[in-house]
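Residue numbers (my numbering), protein chains in the order written: chain G, 1 to 367; chain C, 1 to 296.
Derived from the structure by calculation, the hints contain no laboratory data.
It should be emphasised that the depicted structure is a prediction, and the values quoted were computed from it without experimental measurement.
It cannot be assumed that every hint is accurate.
[To be verified] One side of the interface only, derived from the structure: several residues of chain C facing chain G at Cβ under 8 Å:
#, residue
1, Gly-40
2, Pro-42
3, Met-73
4, Gly-244
5, Ala-258
By construction, the Cβ of each residue, glycine as well, lies at the ideal position given by its N, Cα and C atoms.
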Amino acid sequence: MSVSHLRSFAILASLLASFANAKAEEPVLNVYNWSDYVAKDTLERFTKETGIKVKYDVYDSNEVLDTKLMTGKSGYDLVFPSATPFFAQQVKAGAYLKLDKKKLPNAVGLDKMVMANLTRSDPGNEYGLPYMMAATGIGYNVEKVKSLLPDSPIGSWKMLFQPAVLEKLKSCGVSLLDTPTEVIPAMLAYQKRNPVSENPEDLDAAVAELISLRKYYKYIHSSKYINDLANGEICVALGYAGDLVQARARGKEGKKKQEIAIFIPKEGAEVNIDVMAIPKDAKHPENAHRFIDFLLRPDVIADITNETGYANAVLASSKFIAPEIKSDPVIYPPAESQAKLFTMPVASKDYERSRARAWTKFRTAKK
Amino acid sequence: MKQRIASRIVLGLPLIWLLLFVLLPVLILAMVSLSESQVGIPPYKPLLNWSEAGQAALAASLNSYVQLAEDGMLAQSLQESLTLAGLTTLICLVVGWPMAWAIARARRERRGPLLLLIMLPFWTSFLVRIYAWMTILGDDGILNNFLIWLGLIDQPWAIMNTDKAILIGMVYAYLPFMVLPLFAVLERIDQSLLEASADLGAGPARTFLSVLLPLSMPGILAGSALVFVPALGEYVIPEMMGGGGSAMMGKMLWDVFALTRDWPAAAALAMALLAAVAVPLVFLQRARHRLAGRDS
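Bound conformation, chain G alone (with noise of 0.2 Å):
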């Protein structure tokens, strides 16, 4: 073969390269996720390992993702709501796209009750694959809550709703998160109801007694919680596990340091599952999946979960896990109290009308 032949071989073949590409896709990949949600380096690794460079917006809020999602043509390939009510009602709607299983191969490793516990907003496990998950759980600052109240009920839900201790703590600052799935799940838990009830006198009942506490506490709030503790500004808080591990770190750097400890209260608490979804819509379905099965690798995910101080589903990734996260029962809790954890169902679209102006007679409530 002559060298011309050989110029003209190399060409073709380039010009088939290039029409094969043109079916591929372009190495983009448009990631919609929780702020604080990967390592440092997680999406360097991938573009190295893959050659796709990753656009990565933050959301701090499911309310934002799904007003994004419910209005169509989001522009994002990957996007990671919470497993209910938000994911199992945009399943419903018809926002994803069905995952390629073929192209993810390490969703074997995943923990088989994690997706037992998914399909309640996904029957057979067709949309998404769980990412991380967190308690809810009582942060409270040691010193503080010591002198106050030296016998307090530490690992209860007595603490955020029981009027003798609010009482004493009430000059200190409790607060609680500002949504009705997470606060009125944990009443009925204190009430030795059925956290999970969609009967409407149980939701009277636990409404009744937290509009009769309502003056016990500072303010209702979803993330304020998180510096306010660091800082002593207030002393118990009601917050997700991750964002509580946060505020203690950031209370041991603070100038005025402050010890704040956290758990898990035994008589049950909920859990939160976020979700991995492709949105149908996507530009990018065959990025998306390679990014799905590169997070769901052991130690790609383990770094994540080592970073972030969230639990994660991949059960082989324990073994590059920082053993004082292993150990720490907060974000892996440990057997028995495992067992009282829940996930909240679908509520009706009833119930969860009924909850909402619930919930809202409740936060507006004169103090």
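Since the structure of chain G is already known, use the hints to place chain C on it.
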């Protein structure tokens, strides 16, 4: 002729702007509020259904409005929004009038720098300024530590996360909108009118009530409108500085929209609030027109 076409174009542009960015969104809102919610994208059913024969059937429902009336949220929200916005406007007026008067009476070369001081906060992000207030008013904040240091109090004074904090934040944020229009009016008041009033035997109080106050009325109305209207819709300050008990319109809308993801219900609440707010504004506008008519 040519001039007339040109002037029509110039006058038409704002009209197009209003149609596009005010009327159209309100119409969309009204449309959503009359439709029924569904599980799907978008999360509400279409208002018009086309049959195969090409006939349109209207599927409007007043369901969302009926529910709204049953819930009692509308009255609660209106009451709190109007009270808080009204109180903010009143305090801004009481604080802003003397400020504007002082600047208007200052020596000419000092007025520029003084006005600049009023506007200076706008050069920093609004959110950053609200965060600054949070560190000032907190239990372990600058104000409480100062008062404790002075020995005036021994326990922190709880301001942050209460309605007091919301009011402080709102007055702070909206005060410039009151001072600037008042200054513009007060600056033009002829000094000789005050002298005439004094010559005729009126004391400072009488001069203020029968000369200055009526003459500054256009500024008071303009400033009040500039403060009252945005204060009604304020979302960020109650959310950041309050105790989570706010029933202001913005927060109420958030509750309906986010907790149930029921777009028609949220749209109905928004429409009702809009209607309720539009009425007092029309009155305010009329009062301004009457004043303008009397002057000319």
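Each hint tested on the structure:
Checking Gly-40(C) against chain G by beta carbon gives a least distance of about 5 Å; that is within 8 Å, so the hint holds. Interface restraint check: Pro-42(C) against chain G, minimum CB-CB distance 6 Å, threshold 8 Å, status holds. About 7 Å separates the beta-carbon of Met-73(C) from the nearest beta-carbon of chain G, less than 8 Å, and the hint is met. The interface hint given for Gly-244(C) is met, as the beta carbon of that residue sits about 3 Å from the closest beta carbon of chain G, less than 8 Å.
For the restraint placing Ala-258(C) at the interface with chain G, the shortest Cβ-Cβ distance is roughly 4 Å, inside the 8 Å limit, so the hint holds.
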